[in-house]
Structure formats: structure tokens, C-alpha cells
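Taking the hints into account, I'd like the entire structure generated from these sequences.
2 protein chains.
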Amino acid sequence: MYFSKKAQPFFLPKDQSYINNKNSPETIRLSIGNPPPDGFPVSRIREASRQILEGDPNSVLNYSEAAGMESLRQTVAAFLNRRGDAVVGPDDKITITTGGQQAITLAVQLFCDDGDVVLVEEPTFMVALDIVRSLGATPLGVKMEEDGVDLEDLERKMAMTPKPRLLYIIPDFQNPTGITMSEKKRREVCRLAYKYGIPVLEDNPYYELRFSGDFLPFVKCCDEHGMVALTSSMSKIIAPGMRTGYVVAGGKMGEGFEKLKTASDFHSNSWAQRVCGAIMAEGMEKELEGLRALYRDRGGLMVSCLEKYLHPDAAFTRPEGGMFIWVTLPEYVDMKAFLAALNENHVQVVAGSLFMADGGANCRSFRLSYSLATEEDIERGARIIGELTHRFCK
Amino acid sequence: MYFSKKAQPFFLPKDQSYINNKNSPETIRLSIGNPPPDGFPVSRIREASRQILEGDPNSVLNYSEAAGMESLRQTVAAFLNRRGDAVVGPDDKITITTGGQQAITLAVQLFCDDGDVVLVEEPTFMVALDIVRSLGATPLGVKMEEDGVDLEDLERKMAMTPKPRLLYIIPDFQNPTGITMSEKKRREVCRLAYKYGIPVLEDNPYYELRFSGDFLPFVKCCDEHGMVALTSSMSKIIAPGMRTGYVVAGGKMGEGFEKLKTASDFHSNSWAQRVCGAIMAEGMEKELEGLRALYRDRGGLMVSCLEKYLHPDAAFTRPEGGMFIWVTLPEYVDMKAFLAALNENHVQVVAGSLFMADGGANCRSFRLSYSLATEEDIERGARIIGELTHRFCK
Numbered sequence: 029m030y031f032s033k034k035a036q037p038f039f040l041p042k043d044q045s046y047i048n049n050k051n052s053p054e055t056i057r058l059s060i061g062n063p064p065p066d067g068f069p070v071s072r073i074r075e076a077s078r079q080i081l082e083g084d085p086n087s088v089l090n091y092s093e094a095a096g097m098e099s100l101r102q103t104v105a106a107f108l109n110r111r112g113d114a115v116v117g118p119d120d121k122i123t124i125t126t127g128g129q130q131a132i133t134l135a136v137q138l139f140c141d142d143g144d145v146v147l148v149e150e151p152t153f154m155v156a157l158d159i160v161r162s163l164g165a166t167p168l169g170v171k172m173e174e175d176g177v178d179l180e181d182l183e184r185k186m187a188m189t190p191k192p193r194l195l196y197i198i199p200d201f202q203n204p205t206g207i208t209m210s211e212k213k214r215r216e217v218c219r220l221a222y223k224y225g226i227p228v229l230e231d232n233p234y235y236e237l238r239f240s241g242d243f244l245p246f247v248k249c250c251d252e253h254g255m256v257a258l259t260s261s262m263s264k265i266i267a268p269g270m271r272t273g274y275v276v277a278g279g280k281m282g283e284g285f286e287k288l289k290t291a292s293d294f295h296s297n298s299w300a301q302r303v304c305g306a307i308m309a310e311g312m313e314k315e316l317e318g319l320r321a322l323y324r325d326r327g328g329l330m331v332s333c334l335e336k337y338l339h340p341d342a343a344f345t346r347p348e349g350g351m352f353i354w355v356t357l358p359e360y361v362d363m364k365a366f367l368a369a370l371n372e373n374h375v376q377v378v379a380g381s382l383f384m385a386d387g388g389a390n391c392r393s394f395r396l397s398y399s400l401a402t403e404e405d406i407e408r409g410a411r412i413i414g415e416l417t418h419r420f421c422k
Numbered sequence: 029m030y031f032s033k034k035a036q037p038f039f040l041p042k043d044q045s046y047i048n049n050k051n052s053p054e055t056i057r058l059s060i061g062n063p064p065p066d067g068f069p070v071s072r073i074r075e076a077s078r079q080i081l082e083g084d085p086n087s088v089l090n091y092s093e094a095a096g097m098e099s100l101r102q103t104v105a106a107f108l109n110r111r112g113d114a115v116v117g118p119d120d121k122i123t124i125t126t127g128g129q130q131a132i133t134l135a136v137q138l139f140c141d142d143g144d145v146v147l148v149e150e151p152t153f154m155v156a157l158d159i160v161r162s163l164g165a166t167p168l169g170v171k172m173e174e175d176g177v178d179l180e181d182l183e184r185k186m187a188m189t190p191k192p193r194l195l196y197i198i199p200d201f202q203n204p205t206g207i208t209m210s211e212k213k214r215r216e217v218c219r220l221a222y223k224y225g226i227p228v229l230e231d232n233p234y235y236e237l238r239f240s241g242d243f244l245p246f247v248k249c250c251d252e253h254g255m256v257a258l259t260s261s262m263s264k265i266i267a268p269g270m271r272t273g274y275v276v277a278g279g280k281m282g283e284g285f286e287k288l289k290t291a292s293d294f295h296s297n298s299w300a301q302r303v304c305g306a307i308m309a310e311g312m313e314k315e316l317e318g319l320r321a322l323y324r325d326r327g328g329l330m331v332s333c334l335e336k337y338l339h340p341d342a343a344f345t346r347p348e349g350g351m352f353i354w355v356t357l358p359e360y361v362d363m364k365a366f367l368a369a370l371n372e373n374h375v376q377v378v379a380g381s382l383f384m385a386d387g388g389a390n391c392r393s394f395r396l397s398y399s400l401a402t403e404e405d406i407e408r409g410a411r412i413i414g415e416l417t418h419r420f421c422k
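Going down the list, the sequences are from chains H and Z. Numbers in the working numbering are just positions in the first sequence, counted from 1, shifted up by 28. Numbers in the working numbering are just positions in the second sequence, counted from 1, shifted up by 28.
Since the hints were derived computationally from the structure, they do not count as laboratory data. Where hints are given, some of them may not hold.
Given that identical chains are not distinguished, each listed pair holds provided it fits within a single copy or across any two copies.
In silico DSS-like cross-links for lysine-lysine, where the CA-CA straight-line distance does not exceed 27 Å [stated by the list, open to error]: (1) 223 to 212; (2) 422 to 314; (3) 280 to 33; (4) 280 to 42; (5) 223 to 33.
These figures come from a predicted structure and were not determined experimentally.
Printed below as a string of C-alpha cells:
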């Protein structure tokens, strides 16, 4: 049996040596970036579900509108526009997806044929690398700086021949680095996208989880030429098991997302669309404030513990929201040995190499997530990591 | 902005001349193949949902197992195997998808690179044609006979160079023809698939809706060499708004589906997986008998009305299950004028050309669906169609 060229890499055994995964009762898991269950609006979900299933069950049981319910699309538009910016403009279409993840899949389908290049931040969301490859395209990393992509490197790569077909970015509290792109860079990214004719997928699932500093405009709002599609989801603000996300895009791009979603699986689960729509329509500022406080507490504690325990040569990011911190060790550190030592000491992190388009053979970084960690885990985990940095750094 | 070559056809305006879509209060809709809401197990869905959301809400709210819940996979396996055949064998994996439709998407991704050919029945499910194209592959039709694909035409096309990468079939009560593939042909299809090394996707959503004759073995059960993947869903036996389906495949094929689903959107909605799992695990023979009776009544009435009213030169299929009948007029009929006359007379059907891989310029058929029609609609619709056949046939 012959498998497609693009599917073949999925059958290769993954290099386990960079995955830190020892499990025991004493394991401190700073690896998983899942939302904390204490942030789920369980009683509101129950009540919305009860009302729908009692009052209008057929609205969630039969086939519904292709590519998403009109009522949810309107609610999402109002939610995104509630701060004043026209995130969803009159020319934009919203397609409801199975999590934001499916919007990445659709974007690659919409813009890439076999062998086409997708520019990604380096490092980037590891699943995005899988998606790009699963559709026959090739991810190529663009260097990151403390305030987002390196614009020189971005322009050099946008100018390549053959031309890259898509730029994928996570501007706020990026996965895996926690970095936020400055407003100036957002505008520059849009200018370059227009100059080189390369559309941008802005993946912004953590946007509402800002716990310090001011909200920045979405990249989509910095774009005057319809080059940017925005995807986000209800995974981090309601619950990820809903698998309900969306992508907003103008003109032909918006039409393309809608048509490809319709072809792929017609539409996502209707119950989740109605329940999420009901909760968002009634307002969720209280829940969002609660989530921000929760992430602020855990993120703040993690940063202060890292400041206390880490060797001064170990650098780490200080996120203003979201759930990730990126730790980078000096070049001379034997990363394999460091990760093995973490494993020995029952601390789970994710090796940075997994987030690199090129496999990251020389990567000296790892990702920490504090979203599910208790205070004790954060304190003990940071202490152990700190001790190891002192052992491995000169 | 540059769109992928494969997305470009999706921006073309569709030829509306073959779509029969006049809507008015008196319209008789024999076009839509949706399951009838009177067949949805509403109270069981309510009760299962209540138990889950009261008892264990986090089981449906956080991320769940990649590519589907283990509990649902086991329930699906037991359901498929309950008649005795090992539809799901020890080497098989089940991947939970967003409707059966997503399994077609994953199959094309798994087997096809840009330009590869997918063999389909002619006519076939029109959405499958869109899916194949949306992933850069090309559908090629294989002639249909009264008992399924024409084996000679199939072998001739399987032997082509370059070799087709996938065969897509709907063996029971096919959409759009209502045709069921004979058991002998099922075995031959498997033999040819093995001989030419071409995997088969068996799409079998209507299997449980058999209302006359004996259940035939799934094509997957006629296959001794792991060449067949089976997809089906809960859309026709519970409710389509669930968007819960599955694909069963052995060995590397099963692994490939699981990995591509995980990359595409991680997993489908969890609530629907739990609710469908609970209902299927408790047993649903009573519901299935009810559905069969409902389709038997409507399908039987439609066939007897067509026998009564149609011109003898108008041929039509007599399905043993499912929801579709395929009517074919003599070659000399001006099909465009016939469809326009149906439209004038407020009867909605689907033009057969839409189900043809080659666009069906010479197609003289149309699809009737009786799943949502009342007795009166069926009687009146068949009478009007019959009168028009007498007007258009010599």
C-alpha cells in the first residue's frame, strides 16, 4: 500500500530523547499547557445546555448551517468588537472551526500546494508544524526577538523565490515562548505582508488571558489591505473540550475558509456552538477576570521563583499573559544531559527542539507551563530547575 | 494574494442551471437527504447529557484523548461487531471524526499527493468530489450497475498509470442512487484492491437503515489483506448535529488516520462523544427498528407512487434501505428543460450531474430523497414528476 508523501513522516518514530516524560506520583508537570478546570464555567454550561435541550433540541440535533451557525458568528463578532476596534469588519466572514487548530489546517489548504513554504516563528506551536507537513507544505522558521519576529529575517524570507505562501504567527503570549509582539512590529508585519503579497494567519487563543500591561490591537486590526486572517477559540476562555473555534477573514479569503470548512466536515458540533454562543452572548467579563487572576497568580509566582532560583546565565521570558515561559540556557550546556537530569528529578518540561521547524538540534531552551500547577509545584519545580542550572552553568 | 491551486475551483461560481431550488410555501422538497427529526432519540440524549454534565463535567470540558475517547472507540467496536462479524478486528484502530465526512478528508490526505487520482463511483456523494479536489487530488468515476460498480471498468481504471491512490465506495443504499453492492462484488472489489495495491474507503453511513432484504457483510469484512478502511457515523442513527463519526482501519492505515486527525483538529467535540457513547452502550435496537420502519414506510410509498405515475421509459432504483432513489430518463430527453419544468411545478430534486466526477454534461438522472417527506408530499411529488415524464418521454 502506498501512502501519500506528506503522510509518510507521520509514521516515523519520534526522537524520544528530547521528550522529558518520566511519570511518578512525585512528578511535577510543568509540561502541559491545558487550561485549569477550576476556570471552566461549569454551572453556566449546564444551564445553557439544559435550556437548549429542553427548549429547542432540534436546533442542535439536525444538520445546521454549513461552516457554522449564524447566531454564533454574530456573537463572536460582537465579542471581538466589544473593546471598540472593528476586529470583524463589514467585509469579514467568520467560519466556525473545530478549535482554532482546524483554522491552521484550513489556512494551509487555502494557500499551499505540495512543496510550498509556510513561514513560522522560531520557535512556534509544535502542532502547527505537524499541520503544515500533513498538507504537503514545508515550515520555515523566522527568528524571534523579545518583542516578536525579527523583521529583517522576516523580510529576507518573504523575499525568497519561490515565494512563501503564508506567514503563521501567535502575537500574544506566544506558545511556546510567552512573548508578545509589539504594536510597532504588528504594523510592520502587515506592511511586509502587503508588500510581498503573503497572507498572514494570526493565531490568538490567549489574547483574553492578559494579566499585566495593556491590551494591544489584534494584528488583524493593524492590517489595511485584507492580508490577515484571525483565528481564536473558546478553548482558553470557556473549555477546550468544546472544540469550538473560529477564523475571521475578509473578502475571498473569508469565502475560502468557509468553503474549505464546508468541504472538510460540513460543520462542527452544534451543541457546543449553541452553548458557547449562549454564554458569550450573556457576557463573560466576570469569568475572564477570574481567569486573568488565576493566570496572574500562577505566572507571577513562577517568574518570581525563577528569579530567585535560576543561575544568572539562564535566561527566561516574563509573559504578560497566557501560560508559557521559555527558559534558555547558555550555549555550552549539554541540553540532552540537562533534560535527562530534569527527568531524573521528576520535573516535566517540554524540550524546545520540538517547537523548531528545523528540528532544533542546537536548541538550548525548554518550555514551562504554569496553567495547571499548584503553588507548591511551582515553588518546588522552580527550585529543582534552579539547582540544575547551577550544576550545568559555569 | 495567491490561493493554492486546489482551492481555486472553490471560488468559481457554481453552474446554477442544474440546481433546482425554487422555494415557496407549496414547494415539495424531495431534494434534502437529512434524517427526519422524528427519529432523534431526544429524551435519551437529554438524559445522557444531564448525567454527564451533573456527574463528571470535566470529562467533556478539558482536552480529551487525541483522535477520540477510548470509551467511545470500545463502544463503537462492540456496536459494529454485535452481529457476529469481526468488523473491528484485533489489528484495527478506530479514529473518531467530525462526521463520516471528515474521514473522507483524512483518507485523501493519507493516500494522495497533488494530482493523484481517486476512483469514485459514478455517480457518487457530491461532497466527496469536493473533498478530493480540496486536497489537490482528482476524482475519476467508475461506472455503476444495478448491483454496484462495474468490475471491468473498475479493473481497467485500477490498472492505469499513474496508479490511482484510493477507491471510494458507498456499498449500501448509495448516495445518490440507493444501489446496494452485491456480496459477490464486495469480494471482487477487495480482490482487485489487493491485486493492484489500491486502498479502499468504504463509506457506510446508511448500513443500519436496511428496511428489506438481508444485511450484507461490510466490504471491510470481505477483505483479507487490510486494504479497506470503514467509515460511518452517528448522523443517521442518532443525530447529525452531533458531528460524530469514525473510521476503522488496520495496521499502518489505522495509525495514519489517527495521526492525521490529531494533526488536523486534535479531537472532535467531547460532549457528543460521551453522549453518543452512552446511548450506543446502553443499546439502541428499539430506536433502530423505529428508524427502519420510518424509512420503510416512506421509501415503500415513494416506490409504489413512482411505479404508478412514471412513464415506462423512466427508470428508477428500488432501494432496500437508506433514503435515496435515482430516476433516469431516456437519452433523448432535454434534461435542462425537464428540471426547469419540475422547478416550475414546485418539486425540488437534485440534478444528477452534481454527483458526477466529470460534471455530468450528459446526465439524464436526478436524485429523490424521501427521508423528510410527508405521505402527501410523496404522493403529490411523484404524481407531478410522473406527469412531467409523460410530457417529456415519447
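Structure-based check of each hint:
no., hint, in the structure
1, 223 to 212, "within (16 Å within a copy, 61 Å between copies)"
2, 422 to 314, "neither (47 Å within a copy, 72 Å between copies)"
3, 280 to 33, "between (29 Å within a copy, 14 Å between copies)"
4, 280 to 42, "between (38 Å within a copy, 15 Å between copies)"
5, 223 to 33, "between (33 Å within a copy, 22 Å between copies)"
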